[in-house]
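Chains as they are written, first to last, in the numbering used here: chain W, 1 to 249; chain V, 250 to 554; chain A, 555 to 922.
Take these hints with a grain of salt, some might be off.
[Claimed, not checked] Straight-line distance between alpha carbons at most 25 Å, and here's what the computed DMTMM-like set of lysine to aspartate or glutamate pairs gives:
hint	chain 1	residue 1	chain 2	residue 2
1	V	K481	W	E93
2	V	K335	W	E93
3	V	K420	W	E164
4	V	K335	A	D832
5	V	K420	W	E239
6	V	K553	W	D179
It is worth saying that the hints were derived from the structure and are not from the lab.
Given next are the chains, with one letter for each unit.
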Amino acid sequence: MDLNEKVITTHKLTKRFGDFVATNEITFDVYKGEIFGFLGANGAGKTTAMRMLCGLSTPSSGEASIAGYDIYKETEKVKAHIGYMSQKFSLYEDLTVMENIRLFGGIYGMSNAYIKSKSEALIQQLGMEKEVKKLVGSLPLGWKQKLAFSVAVFHEPKIVFLDEPTGGVDPITRRQFWDLIYEAADRGITIFVTTHYMDEAEYCNRISMMVDGYIKALDSPTRLKQQYSAETMDEVFFELARGAQRKGD
Amino acid sequence: MPAVELQSISKTYNNGELKAVNEVSFSVKKGELFGLIGPDGAGKTSIFRILTTLLLPEQGQASVVGYDVVKDYKEIRKKVGYMPGKFSLYQDLSVQENLEFFATVFGTTIEANYDLIRDIYIQIEPFRHRRAGKLSGGMKQKLALCCALIHRPEVLLLDEPTTGVDTVSRKEFWEMLKRLKQEGITILVSTPYMDEATLCERIALIETGNILSIDTPEGIIRQFPKLLYAIKAARMSQLLRDIRQYPEVDSCHAFGEFHHITFRQNEDALAKLLGHLQNLQHQGLEIKAITPTIEDCFINLLAKA
Amino acid sequence: MKQFLAFIRKEFYHVFRDSKTLLMLFGLPIVLIILFGFALTNEIKNSKIMVCDLAKDEASKALIDKLEANKNFQVAGLLANPNQAEAAFRKGDIKLVIIFPENFNEDLLHLKQAQVQIQADASDPNTANTLTNYATNIIRNYQQDLVLNNQAPLRIETSVRMIYNPELKGTTNFVPGVIALVLLLICVLMTSVSIVREKEKGTMEVLLVSPLNPIMVIIAKAVPYLMLSLINLTVVILLSIFLLKMPINGSIFLLFFESTLLIITALSLGLLISNSTDSQQQAMLLSLMGMLIPVMLFTGFLFPLENMPLPLQVISNLVPSKWYYIIAKAIMIKGLGITAIWKETLILIGMTLVLLTISIRKFKIRLA
């Protein structure tokens with residue numbers, strides 16, 4: 001983590017839908033190579049905030065820059081410098097492993113030579129040499145997740161957004177997945193994880209906790225636990241989210 | 250007579266290509282809160298569908314409240330309450346309409362068994378005219394539980410009820426299960442979240458169709474064969490790599506804030522490793538002996554299998 | 555019974571809370587009725603006609619030979635007197651009756667002009683029109699031949715009489731067809747989609763793990779759509795009467811009875827489709843592709859079945875709407891009663907029973 005370089009900065013970022021304020025003046029910074037956990041209960045405003053950061057939704061007010069680009073004016077540049085992976089959609093199940101890699105490499109404008117050399121390294125790192133020509137749909141879930149992450153960082157984005165990346169994965173695969181995340185973070189890629197599972201949160205350098213559209217807490221897991229004199233992040237979350245008014249997806 | 254019993258149940262898909270459940274046997278005592286713990290694809294849903302008579306087992310025998318899942322499927326369908334993994338109520342019907350519908354389907358009324366669901370229903374009652382599809386994850390789950398309970402079932406089968414809901418709702422849900430247990434209802438619940446295992450009386454750990462272990466959560470933790478240490482330092486990923494390369498380390502896994510380590514031989518291996526790490530200039534080293542979690546046990550059992 | 559009613563109420567909630575379903579249910583029939591207002595014309599081959607030759611002379615025989623030689627016509631028999639024409643039309647397969655008056659040749663030779671009457675079954679106006687034109691052409695050609703041979707001006711006048719539908723309204727022909735199309739399509743689509751939706755959303759899983767009798771689920775699914783289809787039928791009939799000015803000559807009660815029969819056939823078909831599909835998309839595709847094309851092709855209201863090659867004609871017998879079309883035409887246009895259509899009715903009942911049995915048998919009490 002490089003504290004000298006901020007890759008995400010937001011200032012009073014707000015999104016309103018009519019009278020409803022989905023995210024309310026959120027202000028935070030995320031550093032290069034940081035693993036940043038973005039947590040909140042259902043309906044707290046996580047998804048709305050993340051959509052704005054990805055350039056998919058225009059904020060109602062406030063400022064934010066992603067990888068140095070303004071999210072109002074330079075959304076295309078923002079999109080080119082981020083990667084995205086969610087549990088629901090990540091890869092095309094009816095394409096092979098290699099076809100998926102080539103497709104996403106192509107989408108981000110990588111040259112064929114780059115795709116070729118990089119994909120070989122990637123396949124080797126994942127130990128998937130035998131699976132290159134298999135359909136993604138036929139792979140076990142854990143492999144899909146690892147592959148999906150590798151594809152999301154294939155174009156070496158500045159930031160990768162992960163939406164509940166390891167829900168339901170077996171514990172060993174999950175560890176392998178986090179190994180990949182650590183490695184990417186070491187290379188200087190910022191990891192932005194949204195989840196409502198606290199055990200995923202414990203891996204993060206810092207965590208922000210959203211309740212009813214506000215960021216209620218932002219610190220490292222250790223310090224949050226100290227602050228709320230809690231044993232686990234679960235308890236911290238419970239303390240913070242218990243009084244939440246909003247319940248909705 | 251156990252409330253739920255499985256004897257070497259097997260189930261395959263795609264003409265035997267995919268073994269979903271492989272000779273699984275376990276039994277749930279009457280009034281017990283039993284957890285089936287395993288990741289996606291472990292075979293949990295197949296087991297639930299066999300027990301709810303939705304799927305036929307290819308091999309083995311299973312019974313629910315004494316009735317055979319193949320022969321006596323009609324009896325079982327009267328006696329169990331079932332909550333499938335996916336939210337399975339009518340999204341375009343209101344909370345109250347859903348509940349009324351399922352009460353009628355089971356030949357009863359909301360009033361007849363209101364005492365059983367009251368504690369849960371009160372929480373969603375303010376939204377009783379809202380369509381089920383517009384509820385939050387936690388409220389959907391409560392409504393689904395009410396619908397599964399409306400006919401006062403003897404056995405409650407809950408397939409991943411806490412998947413996709415936030416911590417607060419999860420916690421509330423487990424408290425509801427405890428209260429239902431006190432009413433004498435047998436509960437078989439599955440979850441992919443290892444931290445929920447300790448909330449059950451007994452658990453079965455399951456992976457790719459095979460049972461890894463069946464015991465009380467404490468029993469499973471006691472069976473962990475080695476001493477377990479938690480370690481942290483300033484640069485966690487470098488730490489992970491360095492520890493893994495150290496020959497006397499048996500396993501090292503990232504566990505959030507800490508890495509968990511076991512050694513090949515426990516005598517002075519720890520001290521040697523610490524010395525090694527200090528030589529590698531690791532800052533802020535912190536290490537402590539810890540009690541394994543169910544997740545540690547699961548990893549250990551998986552590595553052996 | 556209480557369960558049954560609760561289930562039906564639930565189905566109505568589904569229908570009335572989904573604007574897309576509502577639109578399809580009530581919008582599609584109206585759109586179809588208006589669309590098919592533009593009827594189509596087609597060539598007709600080998601139509602069966604009958605001849606009533608009161609003259610039995612050289613000229614009439616020559617003309618009959620010419621008619622018989624034409625590829626469009628097939629002379630199916632002779633009538634002793636013109637009053638039998640209507641009976642011939644009622645049988646259904648006779649499209650045209652050509653009547654030569656007494657002294658046809660005499661008149662032609664001495665008065666230099668004679669008359670031929672063409673009567674056509676105009677319940678299918680396109681066919682009637684086309685066939686009449688063919689016949690008139692043949693007669694005109696014969697007249698020209700005579701003129702050339704005799705070097706004298708001769709004239710054969712043809713008088714045309716349209717039976718059943720004297721004004722030759724196109725609507726009379728397609729309305730029964732559209733009713734068949736609408737009922738079949740909507741019912742098949744709605745039932746199959748509504749059952750598959752429960753599978754897709756997972757609610758079927760909960761229903762199966764309940765003491766509900768599967769047969770009851772099926773019937774409870776079908777009843778609301780039966781009721782909605784009857785409303786639909788009424789709307790379509792009202793539209794045809796008031797918008798398209800189409801009369802209903804027979805018994806409305808009989809028409810509703812026969813339509814109900816078709817609806818039940820369609821519901822059984824929908825059930826069958828829902829048993830073999832797992833997603834709404836699949837069910838919709840199968841219903842649309844599997845129903846729309848055969849119904850359009852083989853009902854007989856767009857393409858006359860008599861023109862089709864034999865194998866296709868055989869296949870057309872399997873399409874329920876073909877039988878319904880015959881029935882509906884008989885009731886609405888010809889004003890006939892059950893005695894004229896009992897055979898078709900029996901066929902439809904047989905189809906319904908077979909389909910219903912198969913779909914109830916095939917209804918899965920488990921997930922796989």
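Here is how each hint holds up against the structure:
{"no.": "1", "hint": "K481(V) <-> E93(W)", "in the structure": "38 Å, violated"}
{"no.": "2", "hint": "K335(V) <-> E93(W)", "in the structure": "21 Å, holds"}
{"no.": "3", "hint": "K420(V) <-> E164(W)", "in the structure": "19 Å, holds"}
{"no.": "4", "hint": "K335(V) <-> D832(A)", "in the structure": "16 Å, holds"}
{"no.": "5", "hint": "K420(V) <-> E239(W)", "in the structure": "12 Å, holds"}
{"no.": "6", "hint": "K553(V) <-> D179(W)", "in the structure": "21 Å, holds"}
Hint violations for this structure: number 1 only, all remaining hints satisfied.
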